[in-house]
Amino acid sequence: ADDVRVKLYRDHAAWCPYCQKVWLVLEEKRISYEIEKINMRCYGDKPKSYVERFGQLLPAADVCGRSIADSNSIIKALEEQFPETPLMPLAATEAGQRAQALLALEREVFGTWLNYLTS
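At position 79 of the sequence shown the residue is numbered 79 (the working numbering), and the sequence of numbers has no breaks.
These are computed hints drawn from the structure, not numbers from a lab. From a predicted model like this one, the values you see are computed outputs, not experimental measurements. Be a bit skeptical, because a hint or two may be false.
Said to hold, decoys possible - Below 20 Å or equal to it, Euclidean Cα-Cα: the simulated PhoX-like pairs (lysine-lysine) are: (1) Lys21 <-> Lys48; (2) Lys37 <-> Lys48; (3) Lys29 <-> Lys46.
Stated by the list, open to error - DEER-style ranges, computed between Cβ atoms: (4) Gln97 <-> Asp3: 16 to 24 Å; (5) Leu102 <-> Gly44: 30 to 38 Å; (6) Gly44 <-> Ser119: 17 to 25 Å; (7) Leu117 <-> Glu94: 31 to 39 Å; (8) Gln97 <-> Ser119: 20 to 28 Å; (9) Arg53 <-> Pro89: 26 to 34 Å; (10) Ser73 <-> Trp113: 17 to 25 Å; (11) Ser119 <-> Ser32: 35 to 43 Å; (12) Lys48 <-> Pro83: 30 to 38 Å; (13) Lys76 <-> Val4: 16 to 24 Å; (14) Gln100 <-> Leu24: 15 to 23 Å; (15) Ser67 <-> Arg41: 13 to 21 Å; (16) Tyr43 <-> Glu94: 34 to 42 Å; (17) Pro89 <-> Gly44: 36 to 44 Å.
Ideal placement from N, C-alpha and C gives every residue a C-beta, glycine not left out.
Make a model of the complete structure from these sequences and hints.
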């Protein structure tokens with residue numbers, strides 16, 4: 001449809017928590033989007049065209065013509081482009097600083113867990 005301004009590239013298996021997080025934001029904000037499913041590293045190679053644009057990271061997205069690969073960066077772009085239903089506190093506020101600290105902790109915990117699984 002003409003009103004679709006976001007394309008989310010997510011994993012086939014639907015277990016990537018970063019993909020899930022972006023998907024939940026899209027749903028909660030009621031943003032029209034389309035999905036393209038991409039292999040995670042453990043399930044096979046990613047298409048060459050994807051790797052050339054985004055590297056190996058999932059999720060990735062095209063948000064209003066801008067290509068982004070990182071869940072937190074995608075969510076930030078969604079907040080900026082679709083402010084009608086804000087889900088994140090403003091970064092300059094105390095709540096925003098707490099949210100950023102929690103997002104950093106999330107990244108650290110998941111990274112440690114993934115390294116454990118793949119070692």
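Please check whether Gly44 and Ser119 have a Cβ separation lying inside 17 to 25 Å.
Given a distance of about 20 Å, which is inside 17 to 25 Å, the answer is holds.
Would you mind confirming whether the straight-line C-alpha gap from Lys21 to Lys48 stays at or under 20 Å?
25 Å, violated
For the pair Ser67 and Arg41, does the Cβ-Cβ distance stay inside 13 to 21 Å?
The hinted range 13 to 21 Å holds for Ser67 and Arg41, with Cβ atoms some 20 Å apart.
Does 35 to 43 Å hold as the CB distance between Ser119 and Ser32, or does it fail?
40 Å, holds
Okay, Leu117 versus Glu94 on CB: inside 31 to 39 Å?
35 Å Cβ-Cβ, so the 31 to 39 Å window holds.
Kindly confirm whether 36 to 44 Å is satisfied by the beta carbon distance between Pro89 and Gly44.
Given range 36 to 44 Å: holds, Cβ gap about 39 Å.
Could you see if the CB distance from Lys48 to Pro83 stays within 30 to 38 Å?
Distance hint for Lys48, Pro83 holds at roughly 36 Å.
What's the verdict on Lys37 and Lys48, does the C-alpha distance respect the 20 Å limit or exceed it?
It holds: about 14 Å lies between the C-alpha atoms, which stays within 20 Å.
Return holds or violated for the Cβ distance of Gln97 and Asp3 against the range 16 to 24 Å.
34 Å, violated
Is 30 to 38 Å right for how far apart the beta carbons of Leu102 and Gly44 are?
33 Å, holds
Supplied distance hint 26 to 34 Å, evaluated on CB atoms of Arg53 and Pro89:
Taking Cβ atoms as reference, Arg53 and Pro89 lie about 31 Å apart, which means the hint holds.
For the pair Tyr43 and Glu94, does the Cβ-Cβ distance stay inside 34 to 42 Å?
41 Å, holds
The earlier numbered hints that this structure contradicts are 1, 3, 4 and 8.
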